[in-house]
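Chemist: Residue strings, one per chain:
2 protein chains.
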Amino acid sequence: MKTFISIKTPFLLFATLSVVAGLKSVQAFEALPAKPPVPADNPITQAKVELGKQLYFDPRLSKDGTISCNSCHNVMAGGDDNRPNSVGVKGQHGGRSAPTVWNSAFMSVQFWDGRAKSLEDQAKGPLTNPIEMGMDSHALVIERIKKMPEYVSAFKKAFPKDSDITIDHVAKAIATYERTLITPGSAFDRHQKGDKKALSAQAVRGMGLVQSVGCTSCHSGPNFAGPMLPEGTPFFQKFPTFPGSKYDSQYKLTADGGRFEVTKNEADRGMWRVPTWRNVSVTAPYFHNGAVKTLDEAIRVMAKTQLNKDLKDDEVKDIQAFLESLTGKFPEQKMPRLPATPGEYVVAD
Amino acid sequence: MKTFISIKTPFLLFATLSVVAGLKSVQAFEALPAKPPVPADNPITQAKVELGKQLYFDPRLSKDGTISCNSCHNVMAGGDDNRPNSVGVKGQHGGRSAPTVWNSAFMSVQFWDGRAKSLEDQAKGPLTNPIEMGMDSHALVIERIKKMPEYVSAFKKAFPKDSDITIDHVAKAIATYERTLITPGSAFDRHQKGDKKALSAQAVRGMGLVQSVGCTSCHSGPNFAGPMLPEGTPFFQKFPTFPGSKYDSQYKLTADGGRFEVTKNEADRGMWRVPTWRNVSVTAPYFHNGAVKTLDEAIRVMAKTQLNKDLKDDEVKDIQAFLESLTGKFPEQKMPRLPATPGEYVVAD
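Quick note, the sequences are listed as chains G and B, same order. Here this note's numbering is used: the first residue of the first sequence is 1, the next is one more, and so on. Here this note's numbering is used: the first residue of the second sequence is 1001, the next is one more, and so on.
Treat the hints as calculated values from the structure; they're not laboratory data. Do not rely on the hints blindly, as some may be mistaken.
With a straight-line Cα cutoff of 20 Å, these simulated SDA-like cross-link-like pairs (lysine to any residue) come out [as the list claims (entries may be wrong)]:
#1 B:LYS1090 <-> G:THR183
#2 B:LYS1090 <-> G:ASN129
#3 B:LYS1304 <-> B:ALA1291
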């Protein structure tokens, strides 16, 4: 089994972290690096970014030509769809809330249950998930892409040494585009880099509270989703850590087994990847099932279920102000042009 | 009843056109003007374009937050959805094929049946169409928009004299953005402006054929959709003009009554707005019901049903080459940023 980090208390966090090889120090607060980790076998090139952006926005990669990656992970917004759960082909609803694509390059595993060990792995999943993009097979995805001459040349530019159109190349291109989706420059980051006026007094109080209350035991690191770990190394947490609060039933917090649904190992029941705090204020509703509608309620629920603490209203407001300071600057992007299919079309419908 | 242009033969076309006030001459071939007509009560401003683009791309203007204008009229592609018919909220299918938004500013009426007399009028329709964006009322659209503070400021900038958020202002902003969606610079346009090398010999033969065969009786004017008429003045045509061919049943050409479905007047049965030829090669499938899959077949069907002519294969290929020369240069566009809803969300679902 793969090494992974899982903690139940701050004490255990530090005990665990101390054994992680290569981890220099535990920093609760770090500015977002300008560049994310990049796997050695998929270096970033402009041609790959451009191709990946086309694929990311192309609804023809779904069975009936209606759903693109961007449908659920909308980069014109907070990188999600602002809905409790996503809607795929034929109006089907998924059971989980779409995680944001912004800064996902800083996550060491992907999906709520960490079942993909890289962005490349993740990109392959929704294409053939019957309730998401619904393609019958990756082979059909490739067949459809090959019908579009502009894609054929774009793959040649993006993969000059081996320009065969394969699902691995599709995933590499999409992942490369996603590695450009970084939001530095939040008020918090400016504060972290020395601009002490960047944060309001309320946000500064919130910054203190997330440490003293204990939130940063898990929400640490540059993406506030745990320490930077090698790609493929998950940072899981039990949710709820303190079961039995009113929130369990109110928000059906335990209906979904999380990591258990992947491994069928009882020890993994209720284990979830720690999500990022960056841009969290623009990605309501909250949690894996999108059951919590507002950020202030999400703060209350987390304090109770993870730390067994009842926060005062003022504390909630201060923490919310701090979380709002983590909304970054979304880079300007040009729209892609989607490859044409002169005189015909590729969605069989 | 409003004046409208409806023709059955080239002879009648010219007879009818000669009585249209203000029409200087009938030109089969015109380069696309750089700017479209703009109604006096909705001048183009940058603030309005930017707001309109946000609204155009915002899926939160649909009932469940999944469908935006761009879902069916994709400006990253040919301005449509490359499907026989469109898919709205809850996976519902419409009965007609989405017309392209590109150069729609040059159309004097909107929708296949011409039921909207302006882009402004058109923009209001899909919002509350139960099988398109599915909002219960325009009032709910406005209520939702008002919950987003960045929209409130954007409306102030776009409509400084009367910045109330109304459905008319929503429609005016969207229509203004659409008036920027113009594709000059096609091979045909360059040829028209003197670059005689811009068209292949085959396309030049096709250009001759569309005149000699009779296609340009209707597909004339800068948008190849009839003469430029005052806003609100439709240019309708009977389809099929020559009923009884094998295509009627093969492609169910008469199942939809067209203009009749709006007026319930038998004289309007089978009357349709003449669609544009510009970018037609990137908007398959074809016709109001999207029943014809390829451009070559669409050419055969039109020659038979409208002119009672059976084209030879070479003639079809030449005409197709000419139609492909009408694909314009799609302007580069920046992606909009969609207004945030800090800490909460607006789609009730």
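Chemist: Does each hint fit the structure? Answer for all of them.
Modeler: For each hint, the structure was consulted:
Simply put, LYS1090 of chain B and THR183 of chain G have alpha-carbon atoms about 33 Å apart, too far for the 20 Å limit, and the pair is violated. This hinted pair checks out: LYS1090 of chain B and ASN129 of chain G have alpha carbons roughly 18 Å apart, not beyond 20 Å. Among the hinted pairs, LYS1304 of chain B with ALA1291 of chain B is consistent with the structure: their alpha-carbon atoms are about 16 Å apart, no more than 20 Å.
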